[in-house]
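Chemist: Read the sequence shown against the working numbering and you will find it ends at 799, with the numbers running on by one and no gaps.
Calculated from the structure, these hints are not laboratory results. Predicted model, so just to flag it, every value in this text is computed and none were measured. All clues given are correct.
Listed next, with one range per pair, are the computed distances between beta-carbon atoms:
#1 Val223 x Thr734: 49 to 59 Å
#2 Thr484 x Val405: 45 to 55 Å
#3 Lys283 x Glu75: 36 to 46 Å
#4 Thr509 x Gln533: 33 to 43 Å
#5 Glu116 x Val234: 25 to 35 Å
#6 Val159 x Arg320: 30 to 40 Å
#7 Ser622 x Lys283: 51 to 61 Å
#8 Glu343 x Asn736: 57 to 67 Å
#9 Asp333 x Glu401: 24 to 34 Å
#10 Lys745 x Thr332: 38 to 48 Å
Below, a list of computed lysine to aspartate or glutamate pairs in the DMTMM-like style, where the Cα atoms sit at most 25 Å apart:
#11 Lys664 x Glu697
#12 Lys189 x Glu199
#13 Lys212 x Glu118
#14 Lys419 x Asp354
#15 Lys21 x Glu101
#16 Lys294 x Glu110
#17 Lys580 x Glu550
#18 Lys37 x Glu80
#19 Lys326 x Glu256
#20 Lys457 x Glu259
#21 Lys296 x Glu334
Glycine included, C-beta positions come from ideal geometry on N, C-alpha and C.
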Amino acid sequence: MFEDAPFLKRACFSLKKYNYFKEKDYDDKPLTKYGKSVYLFIQSYKLSDPSKNYHNYGAFKITVFSVKTKEAVSEEIVYEQDSKFDSKSFITTTRAEIFINEDWREKVGHTEGELESYYAEILPVMMENKNTVSSLNKDLVKKKKEEGKSKSIEVEVIEAPNNQMVLVSYSKSDDYFFTDSKTNKNKKEKSEYTETTLKKFTTEHFFKVSYRKTDEILVARNQKVADQMVSINDIDHSCIPNDYSCKFTDIEITEPGRVETLAVLSESDTGTIKDYTSKLIGIVAKGDSKKKVTITLKNLTHSGSENPVECLEIGRLHDNSKTVFGLTDELARSQSLAENDVTIGVDYADLHLKYFYNKAFNSQMQEWLKTKGAIGKWASEFIDHLWIYKYFLLREEQAQVYFLPISTCRYPSQKVMLNVYPQINWVVTFSLGLTDDTYELDWRKDLSDEKKKLIEDKKATIKKGQDYLKPFDIKKPLSTEEKEKEELLNKYNLSLSLKASYDTTTVNFTPSFKGKVTEVILKILQAKQFIDEITGNSKTEDEQKELYKKRKKELGDKFKKKRWFKKLSVLPITIKVENPKFSTGFAWGREALPTTTGFGAPISYNIFVKADPLFQISGSLDLITCAEFIPVAGQVIKVANIILEATGVEPILSITATGKIALSGTGTIHMGENTNNSKIDINTEASLMFVVEASITVDGGFMGFVISGGEVEGFVTKKKYVAKAETGFTLNSGYGVHFAKGPYLKNSIDFSGMKIIAKEETSMDDLGGNSEEVFEYVLMEPKKSLVGGINYICD
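Please take these sequences and the hints and turn them into a complete structure.
Modeler: This is the structure:
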């Protein structure tokens, strides 16, 4: 028995806007690309049904599926029949446009060189309202109006859910006190449509999509959007009278990333206009969830508003909110905005925006790695996230532009332009030595929540002997230089971390990061080595004892009969050198400016550095007996021996070290608009000094000597000539951000050097005297930039 009920007959895909369901349509499978549209033509029976004397139409809820995975790749897309289809026929054809979203490629695991196929499931729905009549049926409209005159029935034209204009009839209320409320309630009830869900239909036909690189899609998208923005003519509103009633007074933007509403355009009561629509508004958005940005037109009036005003059709007709906000389907699609990404209200437009990451990578390499065991699997997973390194340096050209055209008679050609940046945050931390956790407390309190989560995660510590080379170099032997560097690094507790976050994902790049900070750390450790050498700490305790014994024996063999020999120091070394404590952190990501006039979303760099102490020493060393400990032993021994061989000399030659080098800095730098709110506080302490003291007991003529390298103070008593010299370190420290290279650390520690000048004095009294220089020995050459240069963290 034939059941004369509505149903879907067939459906097929096409790249053309017009289709007549020829047989070859089922043989040809449309081949297209991501970022394009495909058309689904749906042929149905009795959707709508022209035999019914009330308004009805068909709606189709469409979901796209992958042929390979059988899983949905799209959200439900709803298409409704409108006045364009032939309402006199029982068989109707509906054309639904489907945008092929870039996200589908990731959902199905589409790889380069392959074609993916997609089909659709269609859920047909009959929409009907028995209280209505299509406004196209003139006879029924006339009849309804006649009935209303005699039966207390009100007749009014309304807009149906599918945007068709229809006639609805509803009862008038006779209640004197509640006429308006009861009438409106009855009108609302009579205007509602009922839904009847029909049998689901699965398309046998499908379409194919070729792989297309993300960067190709993004370049094409941005170029098309730019071309469309340029094509919107900029009509000078200053020449248009401000008393036009089809207008608005302000354009305001609100979004969750901004504390305050942003005023893009405002017109005062006196006609003064502040217009910032030529500026790009910075928005920071995620890739897996959308951010709602609301553009509001304050005091909007047009010919279709609640209180209609005259529209002079300057620019175009302004009879509803959609014609004021001129975001057509084509403009929305070119900006990768889906249908449910745009909501137009009475005086506002909601745009749901996301950032499209460029995740292109070498898929063939990844497939090859999967066959290489555990290390290959690790490397393959690592490559999955390597795309984020493209955003290690956040650049202006990474922004994706969106725009919203706006038009009224007063402002016929305006547009709001939005620069959407990725919500990616980076945190780099590394420390040397056992630092106190309280070092970073002051810094963390100023971080955003995303940055704080990254910095508070447990750091990956590079332990002694742990290999830091890339996975593919694991079997490669280290060079002599690399071994020396590795040994130096392994002597200290090096902690480091490099992490990035996007959306809800945190990526830990620490294993591959050590090479980036090695040079910074090595310079600190090499400076520490230099101080150890000056003070004798480069030798082990056993080595020091043996060298001390050797030196004492040499002195005993040569000077045992001298009266001062028994006074030579017994303890070989008393200088203590602290291990350096150094901790630094850099965090960066984009943030929208909080002020009402802050249009940009600059990169916010949080910087923290603390070294307390970087270097610290205390104690003294007898250079006569401990000269073998230090690298310039030969020169010191020569000087000491000359002094010791002088007749009647009681020598002193010692070095005393005291003080420390410390530094700290915290602050925030904004790279971009309104950088005047950037601030960084740096405190340095450089009081690390070496005091060298030399003295001899004189008898008649004498040998005097001074140690230079700083300020020299010399004085003579009756029997003793004393010379003192201070030499030490100077520190210059700076931290900042280079506009192209990102954050950097700049420290310069210079050593003044040390030399001995010996002079033979012929006389020394109140009238002065003469002297002759006997020799000059350089004990320590000046050293520039022990910890020097600019170290860019992102290099």
